[in-house]
Each structure stands twice: as C-alpha cells, then as structure tokens.
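Participant: Spelled out from the first residue to the last, the chains are:
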Amino acid sequence: MTPETYAVILVYSTSYALRAEKLLHRAAIECKLVPVPRHLSSNCGVCVRIARSDRELAQQALESAGLEIEGVHDI
Amino acid sequence: MIYFDNAATSWPKPPGVVEAMVHFMEQVGANPGRAAHRRAVESGRIVYEAREAVCELFHAPDPLRVVWSKNVTEALNLALRGLLRVGDHVVTSSLEHNSVMRPLRALQRSGIEVTVVPCSPQSVLNPADVEQAIRPHTKLVALNHASNVVGTLLPVAEVGAICREHDVLLLVDTAQTGGAYPIDAQADQIDLLGFTGHKSLGGPMGTGGLIVGERVDERQMEPLERGGTGSHSEYEVQPDFLPDVYESGTLNAVGLAGLRAGVRWVLSQSVDRIRAHEVALTQRLIDGLRSLPSVIVYGTLHADLQIATVSFNVVGMEPSEVGLCLDDEYGILCRVGLHCAPAAHKAIGTFPDGTVRFGLNGFNTMDEVETALAAVEELARDIQ
Chain A
1212 MTPETYAVIL VYSTSYALRA EKLLHRAAIE CKLVPVPRHL SSNCGVCVRI ARSDRELAQQ
1272 ALESAGLEIE GVHDI
Chain B
44 MIYFDNAATS WPKPPGVVEA MVHFMEQVGA NPGRAAHRRA VESGRIVYEA REAVCELFHA
104 PDPLRVVWSK NVTEALNLAL RGLLRVGDHV VTSSLEHNSV MRPLRALQRS GIEVTVVPCS
164 PQSVLNPADV EQAIRPHTKL VALNHASNVV GTLLPVAEVG AICREHDVLL LVDTAQTGGA
224 YPIDAQADQI DLLGFTGHKS LGGPMGTGGL IVGERVDERQ MEPLERGGTG SHSEYEVQPD
284 FLPDVYESGT LNAVGLAGLR AGVRWVLSQS VDRIRAHEVA LTQRLIDGLR SLPSVIVYGT
344 LHADLQIATV SFNVVGMEPS EVGLCLDDEY GILCRVGLHC APAAHKAIGT FPDGTVRFGL
404 NGFNTMDEVE TALAAVEELA RDIQ
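Each protein sequence line maps, in turn, to chains A and B. This note's numbering puts the first residue of the first sequence at 1212, with every later residue one more than the last. This note's numbering puts the first residue of the second sequence at 44, with every later residue one more than the last.
Hints listed in this document are in silico derivations from the structure and should not be mistaken for laboratory results. No residue lacks a Cβ here, since even glycine has one placed at the ideal position from N, Cα and C. Heads up, a few of these hints could be off.
Stated by the list, open to error - Heads up, simulated EDC-like pairs for lysine to aspartate or glutamate below, C-alpha to C-alpha not over 16 Å straight-line:
1) A/K1243 <-> A/D1265
2) A/K1233 <-> B/D105
3) B/K182 <-> B/D227
4) A/K1243 <-> B/E85
5) A/K1233 <-> A/E1274
6) A/K1233 <-> B/E85
7) A/K1233 <-> B/E95
8) B/K113 <-> B/E268
9) A/K1243 <-> A/D1285
10) A/K1233 <-> B/E92
Stated by the list, open to error - Partial chain B-side listing against chain A, Cβ under 10 Å, derived:
11) Y46
12) E279
13) V280
14) E290
Said to hold, decoys possible - One-sided and incomplete, this derived list gives chain B residues near chain A with beta-carbon spacing under 7 Å:
15) A79
16) G87
17) L107
18) S274
19) F284
20) D287
21) M360
My request is simple: use the sequences and hints to build the entire structure.
Facilitator: Put into structure tokens, the structure is as follows:
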C-alpha cells in the first residue's frame, strides 16, 4: 500500500479500534492502528487504517458485527 | 505449608500469570488507549483480550461491555450507587458480603428502600421469598452467587427468571464463584455481573470488573468517577459509551496482563473440571470434619450445593485460637472470625464469634485435606 491509497475508520475509543482490528483480520482485510489524523478529529486515540479499496468490505464486516463507527475518510 | 485461604485470595496463581506480568513490565510497559505507538497498541490489545477472556468465561456476548475496576467491591458500588435513585427499592439476601451490604445501608440513609430476604439457618435462600419481596418500585435485586462465609450457592438462575418476569434488574456478585463454578450470564439472565480477578480467575489483586448487560442503559447508570479516558479528548464532558464511561484514569494494565493469563488458564482447564475436583475435596472435608465429635460444621453439608469454602468451629475453642494453632503447629493457613458478612453469621448462628473458614480451590489436593483433617482432630482432642 502507498500512502495515497489509505482510508481511516474512526471509532469511539481504543477498545473499539482493537475490536475492529480483530474483526477485519477475521475478514482477511489488512489494517493497522494509527494515530487519528489531526484534520479529522482531535481525539488522542487510535483509528483503523485500511486500503481505500477495502472501504466497503471493511464497513460491512464491522457493521455486521454490530460495531458502531464514527466515520470513514480517505486520507 | 497448606494454603486454605483461597476465599480471600487465591494462591498460587496459575502457570503463566507471573510471567505475563513480568513480560508486560519489561517488554510492553505503555499506557493502553493513550497513544497510537506500537507499545501503546500492544498494551491496549492485552487489555482488550482480557475483556474477551472474561466474556468467554462468563458467556457474555460483548467485550466492550466489560468494565474494569480495581476489585469486585468497586464494581458492585458502581452498579448500586450508579443505578439506584431516591424512591427506588432494592432486594438483597442475608448472605451478602459487606461489599453489597455497606453501600446499600448508606443508600438506605439517602432514601432508597432496602429489603433483606432472610435465608434458612442452613444458609439456603428460597427464590420464592425473593419474588415475594419484589414491589412495583423495585429496580434491582442484588445477589451473592455464593456465600463467602459458608460457601452456599444461591439460586441465581431462578432469581434471574423472576427478575425478568417482574422487569427488575439482577446484579450478581461472583467473587466466590467466578472461575470455580459454571456461570452463563445470558442463560442465568444476569444483567450486571460483578467479578474479582484475584480469586478463582487466577489473576493478581487490583483487578476486577462489571459486565453490563444489554438491559442496562449506560446513560442511566452514573459513573463513580470521571476523568481521562483517551477518547473524545476534545470534550470536557465524560464520554457516554461503554466501557470508557466507567473507566477513567490509567487502567491496571500489568494486572490485566496477569488476569488475561489467569482466565485463559482456567478456560484451558475447563471450569467443569475444576469444579468436579473442588466438589470431591469439599465433600471429603465436610464429611471428615462432621465425623469429629467436638466439631460443628455450618451450611448445607452437601458439596454439590456449595463452593469449596467450609466454615466450622471446634467446641470449647475460639476461632482465633484454632487459627493460630493451625498456623503455628501445622502450617495450615486459613481465616478465622467474622468474614465481612455479619448478616450471614447471624443467619447460621455464629455472630459475633465467627467461624474457622477453610477456603479451598482447584490447586489443593486430597492429601492436603487429609492432613488438615488429622490436624483438626488432634487439636480438638487436646482441648477435651
């Protein structure tokens, strides 16, 4: 992955991010927990970085597990 | 040395627990949920996986509804003080530990109605008596899963069904049963499950928590404390989502690393297997003590109806004398006196002197039980 192909999933807290990470791994979607980009939120925690091309699949995986997310943004 | 004080805290800890804590201190060390660097994420992952392990143990569906606390007392205080408002009614039993009774007595002074349902002199609680105590404004039933004094199991599943029928929430204190007796938060219909980490879950002191069921609205349960959570940092008001709303300040991550290892070990052994071993030890202990003419054993006297905690007295000796003698002469470590549950002692007729309490767990052996029985026989004979 090159940086211009990323998207980030914003979640409420680190616990949510860790749950998201596990759910995505289970769905074979590559991801990494990274600091929340300042221009998206001043949250001091983490968000889940994925490939832009996985946006839809990732959202489906999280939604079907009932994990609430704050938003998804291309970065 | 024989350690029979597991009802207070378990010892030894399962293999891997100390190692997990040392690993955390040496190799991880970062604050969970306060940064996004690799160590902070690893620390957060350990804490999250401890939530998952606890969910698996108690058959709870959602790791994000596990709230950490420093012990079960804090968890029970959160449920009681967080939920109950002036004019509410709460039902509890006479077998409660002071971790429930003292917060309730304080709440009673501030306008909350409390009904304590008595148990029988054999320490048995009749679920029908609980149902009878429920009134239109009853919000909560708070129940000990097993008495820390006599070990008797309380009818949690029956009360769970009654609570659903009357639209009342059920809070269960699993301090004595978690990891030692099968618990299914969903099947038993437990809305709030308080647990301690340092007893049969195999973790260190300073760990515990509350599992908040789906019927509990976190916006209706006030946190005990507010502060930094690592989330919603742009706001000066507490976040309203689980688990952050109840987890202000840095968590005991090193303790939770130990707890994760402890619960995983319990799961690997299976609670059913641990329980079967404890039942065998407990029945032999009860039968052996009962066969001694100057020993009184309290409770139901049936291992199937209790956990591996047995209370007794030697006629003619104070519990404190028995405890000192067992420690000094035989190297048997137990607890004597009142066990933080005055109403339970009143129910079984041992207030204010208390009892000698042998708190066993899965690490104890039949040989230890036989050695202890021989010791009690000898000291009871000496007194005659």
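Participant: Now tell me, hint by hint, if it's right for this structure.
Facilitator: Right, here's what the structure says about each hint:
1. A/K1243 <-> A/D1265: 13 Å, holds
2. A/K1233 <-> B/D105: Roughly 13 Å between the alpha carbons, so the hint for A/K1233 and B/D105 holds.
3. B/K182 <-> B/D227: It is violated: about 22 Å lies between the C-alpha atoms, which goes past 16 Å.
4. A/K1243 <-> B/E85: 12 Å, holds
5. A/K1233 <-> A/E1274: Status holds; Cα separation ~13 Å.
6. A/K1233 <-> B/E85: This hinted pair holds, its Cα atoms lying about 13 Å apart.
7. A/K1233 <-> B/E95: With a Cα-Cα distance of about 11 Å, the restraint between A/K1233 and B/E95 holds, given a limit of 16 Å.
8. B/K113 <-> B/E268: OK: B/K113 and B/E268 at ~13 Å, within 16 Å.
9. A/K1243 <-> A/D1285: Within the cut-off at roughly 15 Å; holds.
10. A/K1233 <-> B/E92: 10 Å, holds
11. Y46: 35 Å, violated
12. E279: 12 Å, violated
13. V280: Nearest chain A Cβ about 14 Å off; hint violated.
14. E290: 9 Å, holds
15. A79: Holds - the Cβ of B/A79 comes within 7 Å of chain A, reaching about 4 Å at its closest.
16. G87: 5 Å, holds
17. L107: Status holds, d = 6 Å.
18. S274: 4 Å, holds
19. F284: Holds, because the Cβ-Cβ distance from B/F284 to chain A comes to roughly 5 Å (cut-off 7 Å).
20. D287: 5 Å, holds
21. M360: Violated: closest Cβ of chain A sits about 52 Å from B/M360, beyond 7 Å.
The structure shown violates the earlier hints numbered 3, 11, 12, 13 and 21.
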